[in-house]
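Visitor: Those protein sequences? They're chains A and B, same order as listed.
With numbering that gives the first Met the number 0 applied, the first sequence has no gaps in its numbers, which climb one by one up to 313 at the end.
With numbering that gives the first Met the number 0 applied, the second sequence has no gaps in its numbers, which climb one by one up to 314 at the end.
Simulated from the structure, these hints should not be mistaken for laboratory data.
Please read all numbers here as calculations on a predicted model, not as lab measurements.
It cannot be assumed that every hint is accurate.
Unchecked claim - In the DMTMM-like style, the derived pairs of lysine to aspartate or glutamate whose C-alpha atoms are separated by at most 20 angstroms in a straight line are:
1) A:K83 / B:D284
2) A:K83 / A:D153
3) A:K115 / A:D207
4) A:K115 / B:E251
As the list claims (entries may be wrong) - Listed next, with one range per pair, are the computed distances between beta-carbon atoms:
5) A:T29 / B:S228: 34 to 44 angstroms
6) B:S136 / A:T156: 31 to 41 angstroms
7) A:G161 / B:S136: 52 to 62 angstroms
8) B:S228 / A:A289: 11 to 21 angstroms
Heads up, the beta-carbon is just placed ideally off N, CA and C, and yes, glycines get one too.
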Amino acid sequence: MNALRMVFSKPWIWAFIAAGGVFFVTVMFTGGASTIGLGQAALTFASFSVIVGLGQMFVITLGPGNVDLSIPATMTLAATLALKVMESQNGMIFVGLLVALGVGLGVGIANYALIKALRIPPIIATLSSSFIIQSTAIWSNRGLRIRPPQWMADLTTQSLFGVPNVALIALGITLVIFVLLEKSLYGRWVSAIGQNMRAARMAGVPVDGVRFATYVLCAVLASLAGFLLASFSGGAALNMGTEYLLTSIAVVVIGGTAVAGGFANVPGIWGASLFLFLVVSMLNTYGASAGVRMLLTGVIIIGVIIAASRRRVA
Amino acid sequence: MRGFLSADRIRMLVPAASLTVLLIAVFWLQPRAMSYTGLNLLFNLAVPIALATIAQMLIMMVNDLDLSIGTFVSFVACVTATFLQTDPVIGVLILAGCIGVYAGMGVIIHLRNLPSIVVTLGMSFVWGGLAVLILPSPGGTAPDWVRWLMTSRPPLVPMAIVASVLIAVVGHLIVMRSSFGVVLRGVGGNERSVARAGWSIVRARAAAYALAGLFAVLAGICLVGLTTSADANIATRYTLLAIAGVILGGGEFTGGRVSPIGAVIGALTLTLAGSFLSFLRISPDWQIGAQGAILILVLALRLLLNRREQAEQAK
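The following block holds chain B by itself, in its conformation from the complex (with noise of 0.2 angstroms):
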């Protein structure tokens, strides 16, 4: 018995289980939401935000963090609601050209030794001039099959269900079950052994980062495909509740500990926080301040775990 409730158990658990739980409360608060529509509507917009999360976790991974992915998310729907479009050659370039400067943006902090930090802060202000100048006021149009992609009813099971399930399988399978996620952890957990071991460190950065950039990428499109227009702040939220997703998750921030699959989760209970707090007719005032003490609880609960993995390994 004790053998099955292991700390490492739990902690793949408590985030199904946060989820779990505040799935129950909703449907308790309103009934109608345990439906097809109902559920395809608390969902919707974690979609983009799970995509995200996935792409902070990946930079997470290596031992960074990127604190521009909110604006860049809204650069990218911006182009999504533009140029893709309009043009769609001149769009797809664009957004490939963005996971090139994601891969480049891997290497200059790896050679340079720079703190990801401050470059990634550094290029929110980029991705954000960058928008500004696509699309100075809100508008634009998603492009119709993005607008079919994400609207489209599969029979049984909501959209938002099929690509969040969707989305933690390509993650997990990245990440958990190639030879290149195990080397990507690495980097994270022990980079000079992995270098040791004959790897180029500057290669494993460059990809995790446009690997990030990619889902990133995928995250606006996604967004525009619910919205049908952008913005150029349509996502910056997204940069705090993506680490958050990661953290809520099971991830840590050093050390190469992540979970795709927790990523995903997370992502969906910070979504569902929000719909819990307004169903709970709390002020719209406090639901970040909520989310934040959220964030702080579920940590809290990760410390007596820990405590109790470490208590485990002593015997």
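Chain A with its partners taken away, still in its complex shape (with noise of 0.2 angstroms):
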């Protein structure tokens, strides 16, 4: 019974028990016969917003007015380049991801310049970055046809065991980030940093060098994000970001992570995922309009951070 309250009183549990509520109601459309397609689906899809969402949680843990909104441009660019590199052949699989992670690494030692170097907040650094992301991003994209390497192609659309890949490797980055967090002197740091930034500055803690890391770590895992997503769909597309700039905010909210920053929750970024994934495939099954669902999904959206809120002032 204390085992059952204890876990309750987790923030991240609420993402999870919505995500299971509405994986039922779907399922239950299709009398059951949709249990294990639709969870594969959910795992696959729900990998690539954690990737993106664990390095915006860093971001917002930082504090008030720390969030990237360059993920969306720099995950098409990084997958364009890689494609362009890989051309396609199998033995380039390492040069490509070295390609991609090259361009996370490049946009954010970028973003943190100019938030350090212009002092300027770093909602519009990365704004205006994004802007020049993404215009490298369409003349490098050009009429690109480049598809993956097929050993790529099939790493990322295949299972081992009923489990997706891809959700395999999210899971792997998700243990990694979650020890950074918690058992590294980095982790702690970063919350000390978005609990008060003057005092963490007078405890001694680096602040710039923590931030800098921080905004390069999103950044990189933005990019590793298209790398993958573009191996996954077949190719790179100019619009393949755009929606992962609403998904990667909303993950790291409703998962139970602090909007003003000193607390982060890296299982909850897995409940919000799924959960926002099947209430789109939800709403798909029960034939709802493309208008009706983005409609749908932002009432949900409000819906949720509203609750949360009434939760956090409780």
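Hints are included, so try docking the two chains, each in its own frame, into the full complex.
Guide: Below, the structure is given as structure tokens:
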């Protein structure tokens, strides 16, 4: 009984309960026939949101005003350049991955350079840089019809013992991030900065270094997600990252991470990512049109955020 | 002399100066633009952007940020091209309801202490969904009076210029000259002291959001007057343009430091930057990127001014 109460006091449990409820409602519609298929699809698509969401989580945890709006552009540019380098050859996969991660590294450094050098809020810094990144992506993506290497396509679309490989990759990253956040000095520093930047600075936390590392981490995770997404969907598209702008922020907030910063929550990212995908597929199953789907997604996100805020007040 | 060129004065002059420089550059590249029709063509599309920029500025004035302005203006455009044209009464009711929703957004964001970015991002889905429901494919017709208004040709000065000046003056009167505007800017500057002085912060925030909603509605109506038909994604880029416009015009993200005249000038500058880049034959691929670069450039310039301001204060 005590254990049960402990589980229910965790901020991430609500995201999983909501995801489970939506899953149940959707499966009921088909009489249980779609259970495995829907579960696999949810795990696959949630994985991409999880990877970008984890990066965004660290950024948001740095405190008010910290948010990375360049995630969609970074995903697109990383995927585009990686596919160009690989030219569908299996032997070039490692180089392609390095290029993608290099894009993330570059974007992260540029973002923090703008924040620091121009002393502008991270929102506008990442926004301006995303314009430039997006332009670079448009320019290099023109007429791009390159398919991902066969091995990458296989890796990202197949499953191991019924669990999609992408989900396993995302799970691995999640574990690393979890340890990074909960057990490492860096993770403690991020939370400390989010709770009170001045106090953290006085306590000797290398604030600039930690913030710099966080923006780089976020951009690198975004580029990795872009790389995997392009491999999964058979190519890079200019709008491939668009939906991840809202998603990356929404999964963090719904997952129980404090929007004001200082308190991150890794498991909640998974619950929220599954929830968001399942809401869309539930609406699809019930035959909602694109407009209704968007409308309800927005309403549900706002509803969850308002509900979550009420809990925090109480 | 030093008093005349104080940093504060320069801060006001930078937006106007960048617009002038850009205008001269455009005239130099394309002398035919130096005419009634040319100016109208250059600045036509700036009118809805200027209105959207004022809307964003009103939100930024109370230290929030609206990431749904673009989709909201698109939604208003869809309503204007359909309901407002066929059933004006229903159309007006819908648009009035939208302003109510904006006020409600302000109330919820304040009472629940929610981050405005997240709420407005969610709202952008709501507006986008509604717009797709009203107009699944591009279409609709602009109401005649809107069309007449936006294409009218006043003597001597093109409509686009008249409208921009009008927007700037109205914005200036509301924000800088009325006691209402002072309270709103006070909320951005020091919320607690405004509350201690006996003002209701909830009401102030609701009013700021409602007013922003009103300006965004006007932006949507004007846009349809220019384009004659609407589409669910017609104005999605306005979100970023509006933020950039406010910043270019000398506004700050926090502290209630905004300038309506600057915001309109910022919107005109951004519109003109688009034309300038195409006159330079820069490939459309780089247009967004160039706007990002211009934004960074202006922010860098601003940093230098702020340094100077601090140096002056230190003296």
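Visitor: Under the criterion that the straight-line Cα-Cα distance not exceed 20 angstroms, is the pair A:K83, A:D153 satisfied?
Guide: holds, 19 angstroms
Visitor: Within 20 angstroms, alpha carbon to alpha carbon, are A:K115 and A:D207?
Guide: holds, 9 angstroms
Visitor: Hint check: A:K83 vs B:D284, CA-CA at most 20 angstroms. Holds or violated?
Guide: Given that 20 angstroms is the threshold and the Cα spacing comes to 18 angstroms, the pair holds.
Visitor: Given the hint that A:K115 pairs with B:E251, test it: the Cα-Cα distance must not exceed 20 angstroms.
Guide: holds, 17 angstroms
Visitor: That 52 to 62 angstroms hint for A:G161 and B:S136 (C-beta), does it hold up?
Guide: violated, 41 angstroms
Visitor: A:T29 and B:S228, beta-carbon distance inside 34 to 44 angstroms?
Guide: holds, 40 angstroms
Visitor: Could you check the hint for me, namely that B:S228 and A:A289 are 11 to 21 angstroms apart, CB to CB?
Guide: holds, 20 angstroms
Visitor: Regarding B:S136 and A:T156, is the given constraint of 31 to 41 angstroms on their beta-carbon distance met?
Guide: holds, 33 angstroms
The structure is inconsistent with hint 7 alone, although it conforms to all the rest.
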